Amino acid sequence: MPSAIPQNGSALHEEPKPWDPDHLRTRFVQALSEMYRTEVPLYGKLVDVVNQVDTTTLQSRGQSLNDLPSRFQLERHGAIRLGTQQEMRMISRLFAVMGMFPVGYYDLKMVGFPLHGTAFRPQTEESLRKNPFRVFTTVLRPDLISSPKVREMATSILSTRQLFSSRLIDLIDQAETSALANLTAQDANNLITESLKIFKWHSRSSVPLETYLTLKKEHPMVADIVCFPSAHINHLTPRTLDIDAVQAGMISQGLPAKDRIEGPPKRKCEILLRQTSFKALEERVTFAGDADHAVDGTHTARFGEVEQRGAAVTRKGRELYDALLAKAVGRSEKEDKDSDKVLKEVFAEYPDDWEVLRKEGLVYFRYRVAEDKVPVAGAHKLEESVHMDRLLKEGVVTCEPITYEDFLPFSAAGIFTSNLGGEKDGGTERKLQRTEEESKRSRVQLEGLLGRKIPSEIDLYDELQTDSVKECQAFLGLSEIVLGA
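Take the sequence shown: its letters are residues 1 to 485, numbered as in this note's numbering.
These are computed hints drawn from the structure, not numbers from a lab.
No experiment lies behind these values; they were computed from the predicted model shown.
Errors might be hidden in some of the hints.
[What the hints assert, rightly or not] Straight-line C-alpha distance at most 30 Å; calculated DSSO-like pairs for lysine-lysine:
hint: 1; residue 1: 268; residue 2: 440
hint: 2; residue 1: 200; residue 2: 316
hint: 3; residue 1: 45; residue 2: 359
hint: 4; residue 1: 217; residue 2: 359
hint: 5; residue 1: 337; residue 2: 359
hint: 6; residue 1: 149; residue 2: 316
hint: 7; residue 1: 197; residue 2: 268
hint: 8; residue 1: 316; residue 2: 334
hint: 9; residue 1: 217; residue 2: 266
hint: 10; residue 1: 344; residue 2: 316
hint: 11; residue 1: 453; residue 2: 316
hint: 12; residue 1: 341; residue 2: 359
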């Protein structure tokens, strides 16, 4: 059974058109990476550590970086926090031009943050293969700010902020309403340039220090969102083959790594997502002052993160994961044991063999007819249905785990919390509690804001697997291919 690393597809090289969404997305993430490397030099150091680890890992397998799919080395995810519904609506329009659409709903109220959001990313198999760039995008929920005074202060400040330039809005309007043939390569360049301004860091706050401290006391994320003229990207995350080695590498290189890796424990068959980071650095900020007298201060928000992606799990697999995670957290708190050790012990209950994971319906797989076995396929053409296990055993069909493209809210919260300076004195954080009914209502609100349904990531993985089975079925001339028992 193969690993969860996607295979490198072959395709005829064609010169991409300037306004092709996949091409725009690739150009944007490359430009964003260069900008972030300049703004946060430690990000460049982290990328170097990742490349060193991946090179060593591949060498141990008799491979090189060139053997990886092109998407792997290009792969990044970012995260931004927006302040208003208008900003969220506008960013969704921009991302759509780049072929990125909302997937999954994340209610961060459940982890004490006055935010909710979604992940904007490609949805089709082809676009994911070319470049799976994803942005974890959240928006402030003023209704969850406990202090009426702070709520009014935050909304008033944000009401005057202009994240999107008039030129960028004009380009988005044209891309949505007119033939793309009317837009030039220079227009595409302008779109990239203007888009970067949204994500750019500004060392000058748009508010006085006193206002910043008031907002920060309520909740550090409120201050981070409200007090700056841009929605500065707070991290840009490369993917690695061995996150444990990267964690060790960060420490050896003197990077301020967090003390544990978030997500499931290390396994032979990696599932979902494992993440770690170097802690956010204290950055110098100039705050507005009376009579144009600026005041110096600091802000902590931007950090470096790295991830290792495994296989997408089914609903059954996710329910098992969530149950084991809750069990591990409970044991750690009750027994006062090392959380990583307890996590590993508890997750021994989760099968760690690809064939078992497939047969028990815990992980999603992409099925393909084996090219060198096509003649054998004729033997099944007259049969009404064939079980997938038989086709796999005979070598007629091959399969590989589908890569998990999304996020884990508790892991994200663990990363974010460790980069908030350890301050938990905010009134809002203590008061946030979540119910399923409230989460459903807030999801509907976000969908109304975006003007579209937000699909469940699990539904998309299920669709990818189902489509691949149907492809095999049609190619082999079968009426049905049976999965499961």
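Q. Does residue 268 lie within 30 Å of residue 197 when you go C-alpha to C-alpha?
A. violated (42 Å)
Q: Assess, step by step, whether the Cα of residue 453 is no farther than 30 Å from the Cα of residue 316, and give holds or violated.
A: holds (23 Å)
Q. Residue 217 and residue 266: Cα distance at most 30 Å?
A. Violated, at roughly 37 Å.
Q: Take a quick look at whether residue 149 and residue 316 sit within 30 Å of each other, Cα to Cα.
A: violated (45 Å)
Q. If you draw a straight line from the CA of residue 316 to the CA of residue 334, is it 30 Å or shorter?
A. holds (27 Å)
Q: Sort out whether residue 316 lies within 30 Å of residue 200, counting only the CA atoms.
A: Violated, because 41 Å separates the two Cα atoms, which is more than 30 Å.
Q. Given the hinted pair residue 268 and residue 440, is their alpha-carbon gap at most 30 Å?
A. At roughly 36 Å apart (the allowed maximum being 30 Å), residue 440 and residue 268 break the hint.
Q.
Tell me if the straight-line CA distance from residue 341 to residue 359 falls inside 30 Å.
A. Status holds; Cα separation ~28 Å.
Q) Taking 30 Å as the top limit, are the C-alpha atoms of residue 217 and residue 359 close enough? A) violated (51 Å)
Q) Within a Cα-Cα threshold of 30 Å, do residue 45 and residue 359 meet the stated pairing? A) violated (42 Å)
**Q.** Proposed proximity, residue 359 with residue 337 (alpha carbon, max 30 Å)
**A.** Violated. Residue 337 to residue 359 sits at ~34 Å, over the 30 Å cutoff.
Q.
Given the hinted pair residue 344 and residue 316, is their Cα-Cα distance within 30 Å?
A. holds (20 Å)
Hint violations for this structure: numbers 1, 2, 3, 4, 5, 6, 7 and 9, all remaining hints satisfied.
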